[in-house]
Each structure stands twice: as structure tokens, then as C-alpha cells.
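If you read the sequence shown in this note's numbering, its first letter stands for residue 1, the second for the next number, and so on.
Source of the hints: derived by calculation from the structure; they are not laboratory data.
In this text the structure is predicted, and so the values were computed from the model without any measurement.
Treat the hints with care, as some may be off.
Below 30 Å or equal to it, Euclidean Cα-Cα: the simulated DSS-like pairs (lysine-lysine) are [unchecked claim]: (1) K35 x K58; (2) K35 x K76; (3) K58 x K76.
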Amino acid sequence: MDEVDGSHAGHEVRLEPLGVSLRARANQTLLASAKAVGIGLPSSCRNGTCRTCLCRLKSGRVVYRIEWPGLSHEEKQEGFILPCVAYPVTDLVVDVPGARPFMVPT
């Protein structure tokens, strides 16, 4: 597994099936943390309503700073998350089939 270090602080996030790990800051969404190190996740609205980024949390815990992200109670119970509005609380393993590396502009 490759590791991309976006920050020395924060939580380790492993993106499957891409097999990449990165460090996600507690004050940055998973989407923003991935983008900062050159990993693209499916996204559109970036506010938790369109569900384009919907993926499954395999282990760990996230929090939302908005009252109602676009997930049903059942989806939350099944482990689905919205990385565009999810903040890491612990180390995570996330199943994001659409994750892909891209070039970070310099």
C-alpha cells in the first residue's frame, strides 16, 4: 500500500480499493484531505445533498458539522458516509470505488 502524507497531524485514512493511505486533518473534510494530496474522490455539490460522493466506511468514525447530511438513518447504520462533509474522528478505512490519483497543481 502506498502512503501519501498530507499532514503530520490527523488521522490515517486508507482508501480502498485504490490501496492508498493519507493523513486527514480533523478540521478538514475527507474530500478536501484527499484532494490536497492528489487523490480525486467522486463529488459534485460539496455540501452533502447530491450524494455523488456516497461511499462506505469500513472502519473508524466520522462526524458531520451540518445537522442533516443527505443520508437516511438506515444508510448511516449500514456505514455509508458523505466524504464532502465528513470529518475524521479516528483512523479510517473507506471503500471508495471511484477514487483516483491526479496531478496536484504546483
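Original post:
Does the structure break any of the earlier hints, and which numbers would those be?
Top reply: Every hint satisfied by this model.
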